[in-house]
Amino acid sequence: MTEHESVREMLALAAAGVLDAGEVRRIEQHARMCEACRAELEAWAAYTQGLRRLPQPPAPEGLLERTSARILQERTAAADHRHQALLLGALAIFGWMSSLAFWVLVRETTGGVLNGWAWWSASTALSWATAGTAALVLGRREMRRFL
Amino acid sequence: MLAATMSLEAFGTDREIALLKKRDPDAVSALVGRYQHRLYRFLVRMVQEPAAAEDLFQQTWIRLLEKIGSYDTRRNFEAWLFAIARNLAIDHLRRRRDLSLDETDDSGLAASERLRSGGPNVLDRLLDFERGEILAAAIAQLPVIHREALTLRFEEEMKLEQIAEVAGIPLSTVKSRLHRALESLRTKIEGNV
Amino acid sequence: MSRFSEEMRVVPKLAWAIAILIYLGFIALTWFVFIPHDENFRYWAPPALVIFAGVVPLFLSVYVLIAGYVYADAQRRGMRYVLWTLLAIFVPNAIGIILYFIMRDPLLRPCPACGHTASSGYAFCPKCGTALSRACPECRSAVQPEWSHCTKCGAQLLQPR
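Protein sequences, first through last, are from chains A, B and C. If you count the first sequence from 1, position 38 lands on 38 in the working numbering, and the numbers rise without skipping. With positions in the second sequence counted from 1, the corresponding number in the working numbering is that position plus 1000. With positions in the third sequence counted from 1, the corresponding number in the working numbering is that position plus 2000.
To be clear, the hints were calculated from the coordinates, so they are not data collected in a lab. Each hint should be verified, as a subset may be incorrect.
[Claimed, not checked] Which stretches of chain A does chain C cover? Using the computed rule of at least three CB atoms under 8 Å from a CB of chain C, they are: (1) 21 to 29; (2) 47 to 54; (3) 65 to 77; (4) 118 to 127.
Beta carbons: idealized from backbone N, C-alpha and C, even for Gly.
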């Protein structure tokens, strides 16, 4: 590749202003002697100038307000979702703890007559059955909305 | 002098980022206001539909607020912002058209046809008032990665390094992409040179 | 946590009274009846006994408070509050309560014109017809602010000004 050809390859990027100092100097040196490359560089410069001055798309009226409203709405929805998850997690823990506490109380109030273990397994089985039925009735769509 | 103003700017942004991380509503609105024209213009250039651009504009800020917690303040904020917008725009185009991103569309053909039939005095006509329109019509026919390179370089006036960060590609790729974008833009307007 | 204390105010006074009575009653019961009569507690250290007597009845009274909350909250949301309260009390392991929190309807908002309570999903007040939220221009159903098309009839929605 001759110097002329390789400089010519670089002219577009030179007009775009992205070449380093060494490359720019090389082009300048060559363009001083080469009429064709000078014209070509000017042609590219016309394009890059045009690209800098394209007609601007006007930002739609009320863009800021609509964006702020949507940000607020999304953040409220996200906060609600977080609260709901936190609440359900806390309730699940509470459920287990309270079932243990009830087991103790039942055992104590019946003086050990009603076996605590029987109570605990019965209540656990019953609640799992309820939860399973509820999940089936609600359907997957309703559950997915929250989980 | 230049260094002083730049560090002052960086300081302002740092403080703003701190406010943003606390999701201060005033800081958010101020930032949206500051970038609204540039970001909207960028999205219009990317997706070429005002309605979609507005939706993506809003999504960009929501995504930004989701990710601000993990934002590294040493990174260039603008490049980060435009990268978020860019990724949303690319996703949108993938979903919308179900086409490969290198494909072109013909919506802007008419203007360049008109230009080509206008005779040999093409460069003179480029200086016409209509110049911007003709260029814009030709740009609209370019693939999105070329449109992106052109608008980031010439309208956002980003350095190659910043463009690389926005597009998530190596520096050498940015350079060759910009080169190819300019070449095919000129080909579209002048025919084969 | 201001949101939490706000919600606490929903719990009826009666529920508070019952909860406190149950708590104090069961502490007394545990301390004076259960612990002296159960051989299992013989080797427990005194602090452990105090914690046991204080904590175990706490769950019972919190259960009562939550049931009270479900009662009042379901009522203000226009749901079947008796049914939900019974579920909350009798389905064990707090499953009834968890179900309630998953399934509860959104809060009712009073109509700004006539004060009639309306679900937040309504576009117009059922009593006086005042517009409550953004509505589709074609089919008049309620639409979210950021939608560009109606989900009922597919009509294009104008950008709100």
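Against the structure, the hints come out as follows:
1. 21 to 29: violated (count 0)
2. 47 to 54: Coverage by chain C is violated for the segment 47 to 54 of chain A (0 residues, Cβ < 8 Å).
3. 65 to 77: holds (count 4)
4. 118 to 127: holds (count 4)
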